[in-house]
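**Student:** Residue strings, one per chain:
Number of protein chains: 2
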Amino acid sequence: MPLLFSKNLFLDCVKLLPGFLYRFVTRKRQLYKDLYNLLGFAPGNFSLYEVALSHRSSKEKFLESNERLEYLGDAILGAIIGDYLFRKYPYKTEGYLTEMRSKIVNRQQLNEIAIKMGLRKLTIYDKYNSFLKISQIFGNTLEALVGAVYLDKGYNRTKQFVYKRIIIPYIDLEMLESVEMNHKNKLYGWANKNGKTLEFELLEEQMDNGRRIFTVGAVVDGELICSGKAFNKKDASQIAAQQAIDLLGLGEDK
Amino acid sequence: MPLLFSKNLFLDCVKLLPGFLYRFVTRKRQLYKDLYNLLGFAPGNFSLYEVALSHRSSKEKFLESNERLEYLGDAILGAIIGDYLFRKYPYKTEGYLTEMRSKIVNRQQLNEIAIKMGLRKLTIYDKYNSFLKISQIFGNTLEALVGAVYLDKGYNRTKQFVYKRIIIPYIDLEMLESVEMNHKNKLYGWANKNGKTLEFELLEEQMDNGRRIFTVGAVVDGELICSGKAFNKKDASQIAAQQAIDLLGLGEDK
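Which chain is which? The protein sequence lines are A and B, in order. Every letter in the first sequence is one number past the one before it in full-length UniProt numbering, and letter 108, counting from 1, is 108. Every letter in the second sequence is one number past the one before it in full-length UniProt numbering, and letter 53, counting from 1, is 53.
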């Protein structure tokens, strides 16, 4: 233990520096620059960002891993995207807004954005683990980064960061809106091509706080393969179709 | 339509007043006072709060209903509670924090808090619908109220409001922590009393981004009744036990 302490003493002391001084520490200079470019502002609490970039597989054991920050960032990102959509679509229902939000913050979408932002290069993880390379840990890094910005700079600066560096450059709302309509079409296309019959069937209608909830199932060749719930039948069948697409592994096909 | 407009002309004009002037409008004076007591500050944009209090069953059709604000408030509340727990428990894992958060923001808990805050009296809804009276629409009002405070006063004031008026008076974290441990005990108690055998069985072990996910099932008299997923077996079996309790309707018993 004393050995470990003395070995890391320099780095422990370095952690106490205010963010802007990191540009003078040789070992950290490059990361400082990369962070500056990524964030668009100078990091205040530098070690927060180091934690945000550290996957649990990282070999640098003196760093905490980013899972707690990921939890925090996930909640903050949900609020910021929620607020953004609320203002962007003043005449849309809460069902529409909820669906759009889940399209934006879904794992795959966030992972793609993270890679485009260059977080694959900056994430500290076990690079010999080829499974991790193709998994979605970079989306988690992005969430952790949002958590770090929030702790470092507060909500309003985080909102600006998310708008300027995530939403505006990477989120194509028109495309996401049209995605909604295409799950059923895509599944019908697959069914036609493969000589299957496809039907959507109303399975259940419940009351919840005075609102009706519909459960619609996707039925392929007479067999129920999955179902979706929503406040109207159209959305419920879209959700069922989306699930079927995931289940059948059609996500990447046309 | 012109009749409707002239009928509501007075109220339409009233909507344009700054919040503090509402104390001089006889019809609104009581609501203004109630809101002041509830929020702990003078409402800025009064009509936002009127919308937040309006359930879709409300007969006052010229008011929007609170569902969009509920969507927004739900996201903001998630972020604020997420932040609160992150700071409160610096040494707990993200799994623990996520679980605690979902215990706090679950529908039933929010509804109980809303009723204690007096939102049953303030919510504008169809009071002849006896189903609504016992349903959980007041928790939705509380979320919508958080959304209204956020739009009216911004994130930091909303955080103060949530801390002072929701978390401190109504959320007993110690009790919620102990709830976690009691699902399995409760279910074992029920099984003993009713001469049933209860076992928890590991059903599946998957890898997700390098973390193991365990699926544990609750098995009563040899029959699998439900299952839970988590990053460790203990949490997974607790989740399974909780689901079983809901399923068997034991929630209200000792």
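Hints were generated in silico from the structure; no laboratory data involved. It is possible that part of the hints are untrue.
Note that the list lumps identical chains together, so a pair holds whenever it fits in one copy or between two copies.
What the hints assert, rightly or not - DSSO-like cross-link-like pairs, simulated, lysine-lysine; straight-line CA separation at most 30 Å:
{"hint": "1", "residue 1": "Lys193", "residue 2": "Lys33"}
{"hint": "2", "residue 1": "Lys133", "residue 2": "Lys92"}
{"hint": "3", "residue 1": "Lys153", "residue 2": "Lys196"}
{"hint": "4", "residue 1": "Lys121", "residue 2": "Lys92"}
{"hint": "5", "residue 1": "Lys229", "residue 2": "Lys88"}
{"hint": "6", "residue 1": "Lys116", "residue 2": "Lys164"}
{"hint": "7", "residue 1": "Lys121", "residue 2": "Lys88"}
{"hint": "8", "residue 1": "Lys121", "residue 2": "Lys153"}
{"hint": "9", "residue 1": "Lys127", "residue 2": "Lys92"}
{"hint": "10", "residue 1": "Lys159", "residue 2": "Lys196"}
{"hint": "11", "residue 1": "Lys193", "residue 2": "Lys127"}
{"hint": "12", "residue 1": "Lys229", "residue 2": "Lys127"}
{"hint": "13", "residue 1": "Lys229", "residue 2": "Lys28"}
{"hint": "14", "residue 1": "Lys28", "residue 2": "Lys92"}
{"hint": "15", "residue 1": "Lys164", "residue 2": "Lys153"}
{"hint": "16", "residue 1": "Lys234", "residue 2": "Lys116"}
{"hint": "17", "residue 1": "Lys133", "residue 2": "Lys229"}
{"hint": "18", "residue 1": "Lys233", "residue 2": "Lys164"}
{"hint": "19", "residue 1": "Lys127", "residue 2": "Lys233"}
{"hint": "20", "residue 1": "Lys133", "residue 2": "Lys233"}
{"hint": "21", "residue 1": "Lys116", "residue 2": "Lys103"}
{"hint": "22", "residue 1": "Lys103", "residue 2": "Lys153"}
{"hint": "23", "residue 1": "Lys121", "residue 2": "Lys233"}
{"hint": "24", "residue 1": "Lys159", "residue 2": "Lys234"}
**Student:** Give a verdict on every hint.
**Tutor:** Here is how each hint holds up against the structure:
no.	hint	in the structure
1	Lys193 / Lys33	neither (52 Å within a copy, 65 Å between copies)
2	Lys133 / Lys92	between (39 Å within a copy, 28 Å between copies)
3	Lys153 / Lys196	neither (55 Å within a copy, 55 Å between copies)
4	Lys121 / Lys92	between (38 Å within a copy, 29 Å between copies)
5	Lys229 / Lys88	within (25 Å within a copy, 36 Å between copies)
6	Lys116 / Lys164	within (14 Å within a copy, 41 Å between copies)
7	Lys121 / Lys88	neither (33 Å within a copy, 33 Å between copies)
8	Lys121 / Lys153	within (24 Å within a copy, 39 Å between copies)
9	Lys127 / Lys92	between (44 Å within a copy, 27 Å between copies)
10	Lys159 / Lys196	neither (47 Å within a copy, 53 Å between copies)
11	Lys193 / Lys127	neither (41 Å within a copy, 54 Å between copies)
12	Lys229 / Lys127	between (40 Å within a copy, 28 Å between copies)
13	Lys229 / Lys28	neither (50 Å within a copy, 40 Å between copies)
14	Lys28 / Lys92	between (47 Å within a copy, 29 Å between copies)
15	Lys164 / Lys153	both (15 Å within a copy, 23 Å between copies)
16	Lys234 / Lys116	neither (33 Å within a copy, 38 Å between copies)
17	Lys133 / Lys229	between (34 Å within a copy, 25 Å between copies)
18	Lys233 / Lys164	neither (36 Å within a copy, 41 Å between copies)
19	Lys127 / Lys233	between (46 Å within a copy, 28 Å between copies)
20	Lys133 / Lys233	between (39 Å within a copy, 27 Å between copies)
21	Lys116 / Lys103	within (18 Å within a copy, 36 Å between copies)
22	Lys103 / Lys153	both (27 Å within a copy, 28 Å between copies)
23	Lys121 / Lys233	neither (44 Å within a copy, 34 Å between copies)
24	Lys159 / Lys234	neither (33 Å within a copy, 37 Å between copies)
Checked against the numbered hints given earlier, this structure breaks hints 1, 3, 7, 10, 11, 13, 16, 18, 23 and 24; the rest are met.
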